[in-house]
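Using the hints, position chain Z against chain W.
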Amino acid sequence: MKKLRIGLLMLFVLVIFAVLVSGDSARDARFLPPSASHPLGTDALGHDIISRIGSGMLVSFAVACPATLISALGGLLLSFGFAGRKFPSTSVIAAADSMRSLPPIILALFFNALSGPGIMKIVIALSIGNIPFIARMCHSRIAVLRTEGPAVAAECLGVGRVRIFISHIIPHLLPYLLLQCVSIFSSSILTEASLSYLGCGVPPQLPSLGSMLADARSTVLVHPGPAVYPAVFLLLIGISMELIARGIEERLG
Amino acid sequence: MYRVLRRAGIILLTLLIVSFMVFLLQDLSLGDSSSYLLSEEAGEEEISLYRESMNLDDPFPVRYCSFLVSFIRGNWGVSANGLDIKETVMRRIPATLSLTIFSIALAVVISVPLSVFAVRNRKIGKAVSLFSILIMSLPSFMIAVFLVMIFSVHLKIFPPAGYISIGESFSGFLRTMFLPSFTLSLLHSSLYLRIFRKALDENLAKPFSMAMAAMGMKKKDLVMKSAFAPSLPVLASLLAGSFATAASGSAVTETIFAIPGIGSLLVDAALTRDTALSGILIIFIALAVSLMSAVAELLFFILDPRTRRR
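Line by line, the protein sequences give chains W and Z. Mapping of the first sequence onto our numbering: position 239 corresponds to residue 257, and the numbering continues sequentially without gaps. Mapping of the second sequence onto our numbering: position 278 corresponds to residue 1503, and the numbering continues sequentially without gaps.
Chain W with its partners taken away, still in its complex shape (with noise of 0.2 angstroms):
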């Protein structure tokens, strides 16, 4: 309970903040040390620290988003369909094993080669890499939940397959979905983040975490600011997502 709070309060701060920070500031001189006007001090560009991170966040955050709700939603239209008793649900499942074995870096890396950097693609990436896992789950969740009292009855009673679905199955697997989605969610804001370190995430004009990181990495020894701060925000979302999902995972017991 306590560690639920605590994750979700924190990734509520870090969200205001990411949104009062972002935005393009002038540039100024090279690394600046912390100032009024400058509250992290600028990096080997001249750029506001401060506001890239706010900006890098708000990208990560535009990567991950829909990545999980396409993954989620992909997740549910299987899940209807397993429901149902015509569905073939062992093909889908045995293509869902065979996918597994392509992770969203690798297929992010893929999509790089073919037409360069794109945020869409990353997003078509992750979805592609998550929803094998989100259908294996899914799948083992209602072939207990389909079999149990509640949907078995239902049907005996005429109900349709939709209203068994929306009443007898979605409350059940809901939580388990919602402690998926919220790994996905940190996975995704952490596999972007590697993306743009190698240089293959997002488009290089817009700031991101990973590409702050990489951009630090030759001056880290004398100047560790532009490197040390991203990374503890990259940190803070991390262990934000992770709170909120071991907090699901205690209350699922």
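It is possible that part of the hints are untrue.
[Claimed, not checked] Stretches of chain W that chain Z covers, calculated by requiring three or more beta carbons in the stretch to come under 8 angstroms of a beta carbon on chain Z:
no.	stretch
1	92 to 102
2	172 to 179
[Said to hold, decoys possible] Below 30 angstroms or equal to it, Euclidean Cα-Cα: the simulated DSBU-like pairs (lysine-lysine) are:
no.	chain 1	residue 1	chain 2	residue 2
3	W	K20	Z	K1348
4	Z	K1431	Z	K1443
5	Z	K1431	Z	K1444
6	Z	K1423	Z	K1444
7	Z	K1351	Z	K1444
8	Z	K1348	W	K21
9	Z	K1431	Z	K1348
10	Z	K1351	Z	K1445
11	Z	K1445	Z	K1431
12	Z	K1450	W	K21
13	Z	K1450	Z	K1423
14	Z	K1423	Z	K1445
15	W	K104	Z	K1351
16	Z	K1431	Z	K1450
17	W	K20	Z	K1423
18	Z	K1443	Z	K1423
19	Z	K1431	Z	K1351
20	W	K21	Z	K1423
21	Z	K1381	Z	K1450
22	Z	K1348	Z	K1450
23	W	K20	Z	K1381
24	Z	K1423	Z	K1351
25	Z	K1450	W	K20
26	Z	K1443	Z	K1348
27	Z	K1348	Z	K1445
28	Z	K1351	W	K20
29	Z	K1348	Z	K1444
Hints listed in this document are in silico derivations from the structure and should not be mistaken for laboratory results. Built from N, CA and C at the ideal position, the CB exists for glycine as well.
Below, chain Z alone, put in the same frame as chain W:
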């Protein structure tokens, strides 16, 4: 037997799905290679001759089948900078393979004893949870950078980057391999710690453990003697799942540590927009991952005495 067949089917399906996706996307994004491979003055006749020689006029399914057949036969074509893809890939396998095996072995060595201690002692358990939360919330490249800072810049024990093949010098190989493998193994072990520990806890609550506890066995012995063996199948499926993580982790780690492996080759291909090379590479990686996880899973399946008897 059913398991073996299903696994083999899944490997085949992986090959089919991934190669189809690669071919479709390459086809869509490249369009007609005659438009940029031939000079602008090329007449109608030359173009049609070229198209015929490359079989570009064939319908899509036919071209896909010939692509698949030539992939299976090991005829992987040429990369954008004119090198034979098969030769390049083969040369880079040893580094990635040793990185993967080292990292998974190291992860088992780290996480299995730690999970046992964590279950035995609550204080250690809390510390272990904190450690795995911290590792889980860091991207792998940041772990790599931290390790380089500690071990190469400050302590100067291991080189920050580079690769010495096992044939050149064995100690050099170990020294260059340690930091990248350790980075990847931390990534694996954060997951192992969480899941394996949960399995140990669950098995401690099972009737057979409770009976042993009732007979007066101390909790210290209970974990190893009663809960450990029944938890091993969980570790098996974790190991089988690790190869996918290893593949994506090695793309990042190999690039950071400048190791000439499959992962860094893929990153290079992505940066230089080498469509042919990256396409072959992701089919290769998907196939290798599904093959390795199948082998890992079946190995543990054979080792499990409960399934042997049936």
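Hint by hint, here is what the structure shows:
| no. | hint | in the structure |
| --- | --- | --- |
| 1 | 92 to 102 | violated (count 0) |
| 2 | 172 to 179 | violated (count 0) |
| 3 | K20(W) <-> K1348(Z) | holds, 19 angstroms |
| 4 | K1431(Z) <-> K1443(Z) | holds, 16 angstroms |
| 5 | K1431(Z) <-> K1444(Z) | holds, 14 angstroms |
| 6 | K1423(Z) <-> K1444(Z) | holds, 16 angstroms |
| 7 | K1351(Z) <-> K1444(Z) | holds, 18 angstroms |
| 8 | K1348(Z) <-> K21(W) | holds, 18 angstroms |
| 9 | K1431(Z) <-> K1348(Z) | holds, 23 angstroms |
| 10 | K1351(Z) <-> K1445(Z) | holds, 17 angstroms |
| 11 | K1445(Z) <-> K1431(Z) | holds, 16 angstroms |
| 12 | K1450(Z) <-> K21(W) | violated, 33 angstroms |
| 13 | K1450(Z) <-> K1423(Z) | holds, 17 angstroms |
| 14 | K1423(Z) <-> K1445(Z) | holds, 17 angstroms |
| 15 | K104(W) <-> K1351(Z) | violated, 47 angstroms |
| 16 | K1431(Z) <-> K1450(Z) | holds, 13 angstroms |
| 17 | K20(W) <-> K1423(Z) | holds, 20 angstroms |
| 18 | K1443(Z) <-> K1423(Z) | holds, 20 angstroms |
| 19 | K1431(Z) <-> K1351(Z) | holds, 23 angstroms |
| 20 | K21(W) <-> K1423(Z) | holds, 18 angstroms |
| 21 | K1381(Z) <-> K1450(Z) | violated, 42 angstroms |
| 22 | K1348(Z) <-> K1450(Z) | holds, 22 angstroms |
| 23 | K20(W) <-> K1381(Z) | violated, 42 angstroms |
| 24 | K1423(Z) <-> K1351(Z) | holds, 13 angstroms |
| 25 | K1450(Z) <-> K20(W) | violated, 35 angstroms |
| 26 | K1443(Z) <-> K1348(Z) | holds, 18 angstroms |
| 27 | K1348(Z) <-> K1445(Z) | holds, 14 angstroms |
| 28 | K1351(Z) <-> K20(W) | holds, 15 angstroms |
| 29 | K1348(Z) <-> K1444(Z) | holds, 15 angstroms |
Hints 1, 2, 12, 15, 21, 23, 25 from the list above are not met by this structure, while the remaining hints are.
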